[in-house]
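The end of the sequence shown is residue 210 by the numbering used here, with every number in the run present.
No wet-lab data here; the hints were simulated from the structure.
One thing to keep in mind: the hints can contain errors.
[To be verified] The list that follows gives simulated cross-link-like pairs (lysine to aspartate or glutamate, EDC-like), each with its CA atoms no further than 20 Å apart:
no.: 1; residue 1: K86; residue 2: D159
no.: 2; residue 1: K37; residue 2: D59
no.: 3; residue 1: K125; residue 2: D159
no.: 4; residue 1: K29; residue 2: E102
no.: 5; residue 1: K187; residue 2: E102
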Amino acid sequence: MRIIGGERKGRRLLVPKGRKVRPTAARVKESLFNILPRDFSGMDVLDLFAGSGNLSIEALSRGAAKAVLVDASERSAATIRENLRRLGWIPLTEVWTAPAVRALKGLAKRGDQFDMIFLDPPYEQGWVERTLKALARSDLLRPTGIVVVEHSAREPVNASYGTLVLKDQRQYGDTLLSFFQCAAKERPAD
């Protein structure tokens with residue numbers, strides 16, 4: 021697996037060993053980063069179910085200011101830390117070894133907010149629904165932020181979760197990318 025764009029383009033990433041990790045396919049990753057803004061300058065990124073850190077590392081390579089990477093697996097967290105160390109990005113990142121929903125509560129309690137949130141849980145295990153509901157209850161997404169969910173096409177998502185509204189979906193084989201944003205806040209009449 022490689023970084024496909026930005027200042028560290030071409031650098032290889034380690035992937036945790038084991039069957040529980042399903043790295044984002046190269047074709048899906050390339051399509052995703054062609055859809056998202058090319059320049060992540062100044063963005064704060066949250067990567068849930070981070071695995072190898074592939075998605076947030078790609079965002080850092082494209083200029084993101086900081087990234088918080090969350091994975092419940094110690095093995096994945098160790099791989100993420102090693103990838104970040106090799107790239108020299110330890111100072112720009114935090115790695116949390118915790119279940120995603122618990123991490124969301126901790127980040128919200130701390131008052132963190134993010135411009136981009138990646139959610140890439142194991143397919144068809146109910147994590148998409150649970151995590152989107154927890155995310156909707158938090159105030160972690162900035163008003164102009166985007167949530168990108170990579171999930172099985174056999175695991176549909178709702179049109180909205182609280183203030184999170186589905187804006188777009190793209191299918192690549194069995195993989196579906198769902199893009200959520202905050203519902204527009206009503207402006208007072210002049």
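To see whether the hints hold, each was checked on the structure:
no. : hint        : verdict
1   : K86 / D159  : holds (18 Å)
2   : K37 / D59   : violated (31 Å)
3   : K125 / D159 : holds (10 Å)
4   : K29 / E102  : holds (17 Å)
5   : K187 / E102 : violated (35 Å)
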